Amino acid sequence: METLMKILVELRPDVDFEENKELVDSGELDSFDIVSLVGELCDAYDIEVGAEDIVPENFNSVEAIMALVERLQED
Amino acid sequence: MAFTSVQFVVFLLLAATSYFLTPKRYRWVTLLIVNYIFYFMAGAWYFIYLLATTITIYFAGLKLGNMAAKNKAAFAVAKKDLDKEQKKAWKSNFTKKKRRVLIPALLFNFGILAVLKYSGFVGINLNALFAKLSMGVEIPIRSFLLPLGISFYTFQSVAYLIDVYREKYEPERNLAKFALFISFFPQIVQGPIGRFNDLAEQLYRPNSFSFERVKFGVQLMLWGAFKKLVIADRAKVIVDTVFGFPETFGGTYVAVAAVIYCIQLYGDFSGGIDIATGAAQILGIQLEKNFERPYLATSIPDFWRRWHITLGAWFRDYVFYPLSLSKFFMKVGKKGRKVFGNYIGKLLPVLIPQFIVFFLIGIWHGAEWKYIAFGFYNGTLIVLGILFDQPLKKLMEKLQIKTECFSWHFFQVLRTFILVALGKIITRAPGVSASAYLMHSMVRNWDADILTNGGLLKLGLDTQDLWVLLFSTLVLLCISLLQESGIQIREALSKQNLLFRWIIYLAAIFSLILFGVYGLNYNASDFIYRGF
Amino acid sequence: MKGCLKIVTRCVAFFVIFSMLFSNMSDYLRRPDDESDEIHAFYDEPKDSIDVLFMGSSPILRGVSPMVMWEQDGFTSYVRASALQAPSVTYGLLEESLEYQTPELVVLLCDNIFLDYDYAEREGDLRRSLDGMKMSKYKFQIIQEVTAADDRQTLLSYMFPLFRYHERWKEVDWAEAEPTPLMEHSFKKGNVYLRGGDPLAYPENFMEPSGVAAPAFNEAAKGYIEKTINLCKEKNIPVMILHLPKMSWSYEQSAAVEGFAKEMGVEYLDCDTEEIRSQLNLDLAKDYYDQGHMNLSGSIKLSQWFGAYLDNTYDLPDHRNDNAFQRWLEDYQVYAERTKG
Chain F
1 METLMKILVE LRPDVDFEEN KELVDSGELD SFDIVSLVGE LCDAYDIEVG
51 AEDIVPENFN SVEAIMALVE RLQED
Chain W
1 MAFTSVQFVV FLLLAATSYF LTPKRYRWVT LLIVNYIFYF MAGAWYFIYL
51 LATTITIYFA GLKLGNMAAK NKAAFAVAKK DLDKEQKKAW KSNFTKKKRR
101 VLIPALLFNF GILAVLKYSG FVGINLNALF AKLSMGVEIP IRSFLLPLGI
151 SFYTFQSVAY LIDVYREKYE PERNLAKFAL FISFFPQIVQ GPIGRFNDLA
201 EQLYRPNSFS FERVKFGVQL MLWGAFKKLV IADRAKVIVD TVFGFPETFG
251 GTYVAVAAVI YCIQLYGDFS GGIDIATGAA QILGIQLEKN FERPYLATSI
301 PDFWRRWHIT LGAWFRDYVF YPLSLSKFFM KVGKKGRKVF GNYIGKLLPV
351 LIPQFIVFFL IGIWHGAEWK YIAFGFYNGT LIVLGILFDQ PLKKLMEKLQ
401 IKTECFSWHF FQVLRTFILV ALGKIITRAP GVSASAYLMH SMVRNWDADI
451 LTNGGLLKLG LDTQDLWVLL FSTLVLLCIS LLQESGIQIR EALSKQNLLF
501 RWIIYLAAIF SLILFGVYGL NYNASDFIYR GF
Chain L
1 MKGCLKIVTR CVAFFVIFSM LFSNMSDYLR RPDDESDEIH AFYDEPKDSI
51 DVLFMGSSPI LRGVSPMVMW EQDGFTSYVR ASALQAPSVT YGLLEESLEY
101 QTPELVVLLC DNIFLDYDYA EREGDLRRSL DGMKMSKYKF QIIQEVTAAD
151 DRQTLLSYMF PLFRYHERWK EVDWAEAEPT PLMEHSFKKG NVYLRGGDPL
201 AYPENFMEPS GVAAPAFNEA AKGYIEKTIN LCKEKNIPVM ILHLPKMSWS
251 YEQSAAVEGF AKEMGVEYLD CDTEEIRSQL NLDLAKDYYD QGHMNLSGSI
301 KLSQWFGAYL DNTYDLPDHR NDNAFQRWLE DYQVYAERTK G
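Chains as they are written, first to last, in the working numbering: chain F, 1 to 75; chain W, 1 to 532; chain L, 1 to 341.
The hints are all genuine.
Rough simulated footprint, nothing fancy, chain W against chain L, three-plus residues with beta-carbon under 8 Å: (1) 142-156; (2) 167-174.
Mimicking PhoX-like on lysine-lysine, the simulated pairs with C-alpha atoms at most 20 Å apart in a straight line are: (3) K495/W - K6/L; (4) K246/L - K286/L; (5) K63/W - K96/W; (6) K346/W - K6/F; (7) K98/W - K72/W; (8) K215/W - K2/L; (9) K6/L - K215/W; (10) K289/W - K215/W; (11) K63/W - K168/W; (12) K458/W - K170/L; (13) K96/W - K70/W.
Because the hints were derived from the structure by calculation, they are not lab data.
Given the structure is predicted, the values throughout are model-derived calculations rather than measurements.
Note that CB positions come from ideal geometry on N, CA and C, so glycine has one too.
Extracted from the complex, chain F is given alone in its bound form (with noise of 0.2 Å):
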């Protein structure tokens, strides 16, 4: 969880990840962020995210990346 916050708060320094549960419905990361995002995933769990798993819904807030995370690391 702290590595997922360092990654993220590094990544959009101007974006409340604790507060906000709606961050892609309400436009505050765009594909771009997405997928700088995901390759920080990528290397920081040893993780493959495929681009079935880039729905709102995974992204949405800190606590649906990190359960996407546990996912991913569990197939």
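Following the hints, complete the assembly by docking chains W and L onto the known chain F.
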């Protein structure tokens, strides 16, 4: 059948009546029949293409769904005995199998589109190349009439297939229902491109008649017709005049025409979408939003999030993400960081796919070099925007420019609009070199006097028409600003007094009747006796 | 149920207000046209009160004055003609007219039997008569024929001319504009006369055999004229084919039309023959508007002669002392007043 024709209104009336008169269980069947009648009326031969796409995508989807179900069951049993590596191997093995179904289906459907849309373009350019190399070969060129809405229904059904491939949802098992999903008549002509998980359920369920919905639908259609007939078709006269005679109208005329072309294009396209959305709403179906006041965008990426939204989303989900998340571009990113440093290296897997997307959006608009140039122009702007994002921010901090105020926002909107308008010159000019000529002439022969000395009257509209164009565009702007500030026009209107509402409705209808550009031009001299 | 009733009531009310505004707007933006007015005022004549119907194109519209004949001979008549009228329109107009009137005689001017009528070119001329007609199956048939030949013209714009003239908001001076609905009653009974004109001279060898064959009949035109004549025959109404003075006429054309009339078994009267010309005694300097049309004074001269001819030949009734025709006496007063001097 044009959306602004009487035939369409009559068709919609008959379609809605027969839909709501059908027993609930069979309403979706009526809708399918209505769609097919609509499509058939556009051209009987086109029907074959629609059927080919329907059938191939349906069966491919079914196959993928069945494979996924079998795989899931088998994997659940075998899971315990597999270690992580084996699981990975199982997965990639299965993906390979699925691709053997997906890829032929994609090739077939995009193949049809490519042959119909681009074979002429490719042929002409190859012939030009052969001639230059004096090879003495010439490919016979056939140009095809494009089946109605082929780009839209192909994209919509391909999105469905890829989603089934990604196991986002189960495939549709009823062929007739699937046929309904990709043939809904209001949206097959020019979108919006619907997603299966959003649209299909609305089409299959029995929608009941609601006066409220019909009213809102009709209002939206009237608004769409206003944008199309009063604004766009009037603006078209000026645009056609200037771009039709670039030698005569240089300088400031180009700038005027570019701005008016922006108005025309938006009025025409979003007007059509509003008519489609309104028509669907009458039947109880909510289509996806396709425009969100694009000319109020603050940046080029923002513009593309607001213009033709469903097409942008399609390219994002089915081209941009798969490309930028592919192993290849991940590697490019890693290598890039070593070569260009962290900042640019990280951007490479975003920038290159973004460029590819804009190239594709360009040729999606048409098989001509100018559309490729248009894609290139937009891609370049976005890349420059990203590359200079950080340095500019630092610069602005140093110069102490406030960004949280109206003037800055206004500057951003204006800047974006100008960049967009320049891009529109590329697509509207007859060719790439013509647009270069026009832009050059615009800068070199700038003469703002034409705005006041009656020069505008040379563009095919008389004073009264110019006033109507100006006034109706202002109405459009005001409505857009209200919407941008979060007001929902139709909901707000329904809360007003009856008298006020009816005045608005009547004003809308009569401004369409009086100021709409339709029918034969009224030319008094046509009615003067030519011989008794 | 109550809510449903409210919605229906509101929709009906809205529709009524809309229709009223629409019709008012149509009257503001209508292209004012004498001929449409005259075509429309025909509906105001009491049923079966007209003895003679004059059908055809501009020479009869300009040259025949029912009022002159009424005053002199006492029979009632109406000119249901318009400039450059298509034979299909003439046929439809007659079909419609016979729903309202049962005349003793139909006089048909069919010079346009030689004309290849182009519906796409002649929208303005079509509208002169069609805009004045009420909606009926006959009008619908004409529109069908027109729109089939020219797809730029639409049924809707003929049914609701506002859709055709909507752009006239630019021409109308709104400060002084008034709604101008179609005319309800005519004092000149369909005749649209012209004043003035240039002095003319007959061409050399006018109406003498020239050895040049007449142009062939236009088949479509001939077909409609035959239908028109046959319609009258079905209803036992005698038909006369009329040709009025026109300087571009020839001996051969006259002979061709005469042959056609004979074939159809109807009377043919050519006012360009030497004999009738001398009886008409038209003054080339004063009585012509142009080569093919009488002006007002010409039309009065011609109608005096022609009225007497019809009265003698067809034994037409005299209603001048009939109280039911009081309105005709009043209309004549207006006509005399307006045509004075």
